[in-house]
Amino acid sequence: MSEDLTRRDLFGTVARGTVLAVLGGGAGFLVKKANGQIVWQVNASRCINSRLGDAGAEACSLCTTECVVALSAVRAVNEYSKCGRCNICPAYFNITSAVNELGQPSEKLCPRDAIVRKAIGKVDPEDPANNFYEYIIDEEKCDGCGKCVMKCKEPLGLGSITLRVRYDRCVNCNYCSILKACPQNALMQLPIEQALEPAQVNRAG
Amino acid sequence: MQYRHVQAIDGKGGLRGIAVDSHGQLCAAGDSEIKVFDAAGRLARRWPTSRPAHAIAVASDGAVYAGEAGQIEIFDGAGKLLDAWRDEKPLGRVTAIGFTKDSVLAGDATDRAIRRFDRNGRFLNNIGKDNPVNGLLIPNGVVDFGVDAQGVVYAANPGKHRVERYTPGGELLGHMGRFDMLDPAGFTGCCNPTNVAIRDGIYTTEKAGPRVKAYDFSGKLMAVIATNLFDANCKNMSIAVDARGRVYVVDTVKAAILVFEPVKA
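In order, the protein sequences belong to chains F and R.
Going by this note's numbering, the first sequence opens with residue 1, and the numbers climb by one from there.
Going by this note's numbering, the second sequence opens with residue 1, and the numbers climb by one from there.
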C-alpha cells in the first residue's frame, strides 16, 4: 500500500470496487438470463406439495393462482422411472370416492381430467389389478394445481409427480410472482442445465 | 378381539426386518447388524453383517438367516457365521426369509418374486412369478411373506391389495383382501398391505396411514391392532407374532419396535 494513500482514498477505492463488482455481476446475470441460461424452477424439496414429511396436508395451488401466465407456467410432470405404475394410483383416482364394480375408486382426482392412463405390457382385460399402467399428464390441460403431486408423494405414493416450470410457457419475470406469494420460497433461479434435471425431493426439516 | 400397546423397544439404530425365534426371543435386522433383544426389550447381543441387512428369520434349529443385497448370511445364535449363499441373480435384494419343512424361502425385491431353495442353498423354484405382470406388484420395493404350519406361503401383493396363498411349488391357491379406503377390512392407498406375518391368522401392516390388522385364515378381519401410534411417514413396517399372540411391529421412522398383546375378554 502506498504511504500517500489516505483512509478516505482507501474507502473510496473499496466502495468504487464494490459498486463495479455488483454492477458487473448484475450485468453478467442479465446477459446470462438474456441467453436463457438462468431460469426459474420449482424446488421440489421446499414445495409443500412434494416435500416429504407433510403427509395428509392440503395441496397448495399458489402456482396456479399467482402465475402471470394463463393456466400457469408450472405444470405437473411424471418421472416415469420413479412411477409405480399402480392400478390404484392416488394421483389419478380420488381414492376416497366410492368403490365401483371393478374394485376401483369411481372418481378421478384431477379437476381438469389432465391425467390419462393406459395399461401397458401383457394386458389382462379381465382384472384391472393384473396390469401395469402408464400415467401421462396432458400439459395442455394441467394448470399446476398440485393435487396429484400431493397424493403421489411418499408414503402414499412414490413421489414420481412433481411441479416443474415449463420453459416454453414461462416468461421469466425478474421477480417470479409465484415466488412472491409462496410461503415456502419454493421457486429458485438456476442455470438451465440444472433446472432440466429431475426434481430432487428431500425430507423437510 | 382387541389389542393393547404394551411396550416400545428402542431399535438401537436402523431397523428393517424383525423375527421371533421358537423361544420367543426378538431379533432384528438393520443397518449392517443383527440385534437380539431379551424378554424385557433390552439389547442382549448384536453382531455385524457383511452388507446392510433387510430381512431376518430364525430357523427351528436356531440358525439366524440375514437377507441382504445379493446374499443370505447364516449365523448361529451367538453370531458366528456358518454359511453365506451368494448369488446376485436369485438374491438381488432379499427383503424377507421364511421356512417350510424342507426348504428356505427368500423374497427377492429386485425380481419381485419369492425364491425357494433347499436347505443347502440350491435353487428349486419361484413363487409369485408366473402371472401377467411377471411377479408381485411391489411399488414400495419390498417382498414380504409368511408361512403357515402346513407350509402354505402367504405373500403380500400390495399393488393388488391382496395377500396371496401359494404352495411351496409356486401354485396360486387363492387370495384375500381388496381395495377399500373406508371399510377397515380392505386395504388402502395405492399399495397395501406391504408386510405380512403368519401365526394363528394373517397379520398385516399398511402404510399411509400406518395400520396393523389381524385376519383369520378365511380373510375375515379379526382386529385392527393399531392405527395412530406410528409416525405418519412409516412404510414397509416389518411385523412378527410370537406364540403368545404378542405382535411386534417396526416403526421405521422412529426406529422402534412397538409391542401389542391381545386383551383377554
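I should point out that these hints are in silico values taken from the structure, not numbers from a laboratory.
Just so you know, these numbers come straight off a predicted model, no measurement behind them.
Treat the hints with caution; some may be incorrect.
[Claimed, not checked] Derived DEER-like restraints, expressed as beta-carbon distance ranges:
{"no.": "1", "chain 1": "R", "residue 1": "Gly245", "chain 2": "F", "residue 2": "Ile192", "range": "40 to 50 Å"}
{"no.": "2", "chain 1": "R", "residue 1": "Lys254", "chain 2": "F", "residue 2": "Val68", "range": "36 to 46 Å"}
{"no.": "3", "chain 1": "F", "residue 1": "Gly56", "chain 2": "R", "residue 2": "Asp87", "range": "34 to 44 Å"}
{"no.": "4", "chain 1": "R", "residue 1": "Ala78", "chain 2": "F", "residue 2": "Asn100", "range": "30 to 40 Å"}
{"no.": "5", "chain 1": "R", "residue 1": "Val6", "chain 2": "F", "residue 2": "Asn100", "range": "37 to 47 Å"}
{"no.": "6", "chain 1": "F", "residue 1": "Gly53", "chain 2": "R", "residue 2": "Asp76", "range": "50 to 60 Å"}
{"no.": "7", "chain 1": "R", "residue 1": "His23", "chain 2": "F", "residue 2": "Pro125", "range": "49 to 59 Å"}
{"no.": "8", "chain 1": "R", "residue 1": "Phe217", "chain 2": "F", "residue 2": "Asp124", "range": "58 to 68 Å"}
{"no.": "9", "chain 1": "R", "residue 1": "His23", "chain 2": "F", "residue 2": "Pro111", "range": "21 to 31 Å"}
{"no.": "10", "chain 1": "R", "residue 1": "Leu173", "chain 2": "F", "residue 2": "Leu102", "range": "16 to 26 Å"}
Cβ atoms here follow ideal geometry from the backbone N, Cα and C, with glycine treated the same way.
Hints, one by one, checked against the model:
no.: 1; hint: R:Gly245 to F:Ile192: 40 to 50 Å; result: violated, 60 Å
no.: 2; hint: R:Lys254 to F:Val68: 36 to 46 Å; result: holds, 44 Å
no.: 3; hint: F:Gly56 to R:Asp87: 34 to 44 Å; result: holds, 42 Å
no.: 4; hint: R:Ala78 to F:Asn100: 30 to 40 Å; result: violated, 56 Å
no.: 5; hint: R:Val6 to F:Asn100: 37 to 47 Å; result: holds, 41 Å
no.: 6; hint: F:Gly53 to R:Asp76: 50 to 60 Å; result: violated, 41 Å
no.: 7; hint: R:His23 to F:Pro125: 49 to 59 Å; result: holds, 51 Å
no.: 8; hint: R:Phe217 to F:Asp124: 58 to 68 Å; result: violated, 27 Å
no.: 9; hint: R:His23 to F:Pro111: 21 to 31 Å; result: violated, 57 Å
no.: 10; hint: R:Leu173 to F:Leu102: 16 to 26 Å; result: holds, 24 Å
Violated hints for the displayed structure, listed by number in ascending order: 1, 4, 6, 8 and 9.
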